[in-house]
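Go by the hints and put chain R onto chain X.
As they're listed, the protein sequences go chains X and R.
Numbered according to this note's numbering, the first sequence spans residues 2 to 149.
Numbered according to this note's numbering, the second sequence spans residues 255 to 766.
Calculated directly from the structure, the hints in this document are not laboratory data.
Model, not experiment: these values are computed from the prediction.
Every residue, glycine too, gets a C-beta built ideally from N, C-alpha and C.
Treat the hints loosely; a few may be bogus.
Derived, one-sided and incomplete: chain X residues facing chain R with beta-carbon distance under 8 Å [claimed, not checked]: (1) Ser32; (2) Val52; (3) Gly77; (4) Ile81; (5) Val85; (6) Phe88; (7) Leu95; (8) Gly96; (9) Pro99; (10) Ser101; (11) Asp112; (12) Ala127.
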Amino acid sequence: MQKIADRLGGMIVLLMGLSVAAAAQHYDTGSLASMGPGFMPVVLGVLLAIVGLAMLVVAPVARKPDARPAGLSMRGMLCILAGVASFAVLGNYLGLVPASFCAVFIASLGDRDNSLRDALILALAATIVGVVVFAYGLHLQLPLFYGG
Amino acid sequence: MHQSLLDLWYGFSVAVEPTNLIWALAGVLIGNLVGVLPGMGALSTISMLLPLTYPLAPVPAILMLAGVFYGSMYGGAIGAILLNLPSHPPHAVTCLDGYPLTRQGRGGAALGITMMASFFAASVGIVLMVFLSPLLVSLAARFGPAEITSIMLLGLLAGATMSRGSALKGIAMTLFGLVLGCVGTDTTSGTVRLALGLTDLSDGVELGALCMGLFGVADFIVNVNRMGSGYSSPTMSMKDMRPTRSELRRSFLPMLRGTAVGTLFGALPGTGPTITSFLAYAFERRLSKHPERFGTGELAGVAGPEAAAHAKTQMDFIPTMSLGIPGDAIMALLLGALIIKGIQPGPQLITDHPDVFWGLVASFWIGNLLLVVLNVPMIGVWVRMLRVPYRILFPLATFFICVGVFSARNSLFDVGEVAAFGIIGALLLRLDFPLSPIVLGYVLGPMLEENFRRAMLLSNGSFNVFVEHPICAAFIAISATVALFQLYSFCRRSLAAPRVRCAKTPQTDLAD
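Isolated chain R (complex conformation):
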């Protein structure tokens, strides 16, 4: 534990280096902006910025991309509370009580409380990350190919079944992602697989093109002509962001509970901040002495879910950074960025590249602090930005996508890939398929295959190896439990009468 603190100190020294600091600042600013603006989520933004990071060293690159991620969580709350506009799904539940608070003139206070809850939850998440990760790593030293395969299976299964929509569709999309991962040259045998006869595909599908097509272009296609042009501006004064003492008292416990929910779920791969915030909201309502007040401006309904979402966001990094298993699509992207830089994710990341790991952890704190400090004066700016009409944003964003993808491999074919995945993504969204499992499958596919191959090679084709090793067996058991739970809830749902409650959310199924 003492070692962790020393390492953290080292991380701070890395994070405050001017280059790293500037890139981290850029990341959180962009993330905050993106969080405020509807239509472009953290996922599409990180996809767009990915090529920008290629000439950078690994540390500033990952600092910036991570900053975009948790910066967008802060920004999303602003739109949700002030304008009843959930730019991104995790904040849909914040609207329910946040907007009524604005109408009562307490919007600024709600925002202030949200900021505090977010910072608190993020801090807890960071502390856990500092102390849990080395533990996880020492555990992971005993991981062989069979163990890694079973963890990846669990991650893929969890990602497939816990994302929005039917579990079957999630599994189908994960499999689709795995297939996409197979496209290109097989590393072991050198055979070119599934390349449709195109030489440009012999290097595989480009990660940036896949993501920008699926999440950027498809997003635009689905949202164009559906977004309202111009939003009503809040008439309340934004200067009063100071919450009253009773408001603080009332939101303290929900903040703690929300953090607990987020932390617990953060450890699970496959769940996203959206599910976590919904669960926290339901939890608060269940526990509250005045459940009927929810929906009319109850602070617990704002503090709890936001804390949960932020804790979850930080916890997401733990399995990604310490084990190399991404919890959702955004983490998969960040891992992809590391791989492109030549950094192999996995348990050895902490020891081989301590500057990346500990610098990242330290920058979380600095970034969160920056965000809290920035958002206080910048509220007015964000609100004004929301007035830029979508019809101007998306063509420019399309342009940036084209240039960005091209610059990754200097290949216009990749830009064509973006168009192809744009159609595919739009059609899949129309048919109500979740898109994030595709990225999970694509990033994990090659690693899964390699480890599975190795495990089978070592065990001479016998599946017994998966149940013989205790760690492996444990993960397989958890996966089986997840699968069985899905079956159970499915049977229950098809027998009970369906209750459909319509909530207004934009058509984005990104980091969930």
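Okay, chain X solo, but in the shape it has when bound:
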């Protein structure tokens, strides 16, 4: 399992390097003496690709004692990300209050031990604190509600 993860990591780095180098072709690379905007990205992309190749080729070494990659909880990841994304989207269209409420509500559902009631209470508390501290206290530049 660890080997697959390492191989996958190497692949990703290799792909990243290739795509950066490819994207940078559009910009003027220039020469070493007068470097254009594309020079650095191309160099970085190539280096990344080399490192990626090295990661694929080199056998994974025994890891240091305190390294232990975690398994990812799908539910946690989806809920937290959805929470942040909902803040961005709802904040744009509906304002601070709906955005805060939904963000905290969705994010707190990411934890298995949070019931719907817990999430609701948290969301309510966060929204109230948010409005008082950020909107009134710190003059956050986000309207509470977008009218209409």
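Using the frame of chain X, we list chain R on its own:
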């Protein structure tokens, strides 16, 4: 040297100004709290507080952020010793002997000794900073673009190879950070690079969004559903924090040795307090007449590593403040904060902005003193705070992240960036990549490119300039040594039988 003392006096006058003092106090309090609570490290907290500092003047801003940093080092020891809960990686090694001491009823004494060791080590670090920095600066006056490039290369290389995990992954992440630094408008030519066609990216990736996504959100994603809910409270009385005389005697030498280790490693960019504390622990064990006592409550195993970590923390500031080269991700963040305020980091910082530099140095002492004084009565409070379940903390923290990032540029797109970096960070953590080199690369990238460009321009494309100038050549040589050392230890490891010792640490790879 006389000048340094005068400057320090000036710094004290800056640091005790009421505004600055209050913000520094806020910083150390928050830092201490954050250090006690698991899951949110100094890095994510500083990221969250970064937008708060935008309306502040540079001096209180940097005082507060720095206070969070070294405050968290104090707080981390509390959780580690009392509850066997290393909130942050540097304190993992403190658990090993700290918790058994608590079970023997000497937890309070262990804490007291830790506080003393920390204060001592921090003081030594501060003294060194006071006298070394001007020296470094006068040396740096002879730095040209080639020298700066080679130092940055060394810093990046050290940061990449000495962080947790395989060196190759560290290098890959540093390169990734450098690429992220390229996103946006190139200052020299005005071309918009790597912006994926999005106009919002033409100003580049926002530092706060990057950090909060990588270290805050990704951290939550990895830790949610894995943190134990509720922790067993210590049944010992906390009133007795006075260590006995023999305990003091036994921890004196380890404290000195730990400070030495921390100071030496503090000078190296790229190493973090975690490696330093582990090394100090191993060192103590090697030197001890009773190595078998380690793990059962040996004071040397607590005093030494904590002193090392604190000395390292203070030394971290030296290359950052005097040369403008951040040693790790947190320093990179602090530098980023200064840049946002319009203060160019580098050798001229001391002369151009003496209030920032010397005020910071003076506030270190005041802050450390405050922390020692505060922690004595506040132990009970911290312990009670540890009982707040993680499932309540992280949604609120997510909310603060969203609001904080938005307030930096009044941009909800930045909040979207946080989500994007959250996924990226979580995936990278799952694949066992270290995340802190990314921030190092991102902050140093533009400066590295500019100086490299200039060096090449001046030398007409010839690489000889890097070996011709003595200072440059020295740094290149050190970088080469670091790289070769990595190769050497890699070859040794793949030939020897791997010995894996499992230690319980939370999944955070932050300031290391």
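Now the hints, each set against the structure:
Checking X/Ser32 against chain R by beta carbon gives a least distance of about 6 Å; that is within 8 Å, so the hint holds. For X/Val52, the shortest C-beta to C-beta distance to chain R is roughly 5 Å, which falls under 8 Å, so the interface hint holds. Interface hint at X/Gly77: satisfied, since its Cβ lies 4 Å from the closest Cβ of chain R, which is below the 8 Å cut-off. The beta carbon of X/Ile81 is positioned within 8 Å of a beta carbon in chain R (closest approach about 5 Å), and the interface hint is therefore held.
With its C-beta approaching chain R no nearer than about 4 Å, X/Val85 sits inside the 8 Å limit, and its interface hint holds. At about 4 Å, the closest approach between the beta carbon of X/Phe88 and any beta carbon in chain R falls short of 8 Å, and the interface hint on this residue holds. For X/Leu95, the shortest C-beta to C-beta distance to chain R is roughly 12 Å, which exceeds 8 Å, and the interface hint is violated. The beta carbon of X/Gly96 comes no nearer than 11 Å to any beta carbon in chain R, farther than 8 Å, and the hint placing it at the interface is violated.
For X/Pro99, the shortest C-beta to C-beta distance to chain R is roughly 13 Å, which exceeds 8 Å, and the interface hint is violated. Because the smallest distance between the Cβ of X/Ser101 and any Cβ of chain R comes to about 6 Å, under 8 Å, the interface hint for this residue holds. Annotation: interface hint on X/Asp112 holds; nearest CB of chain R at approximately 4 Å, less than 8 Å. Hint on X/Ala127 holds. Least Cβ distance to chain R is approximately 5 Å, under the 8 Å limit.
Against the hints set out earlier in the document, violations occur for numbers 7, 8 and 9.
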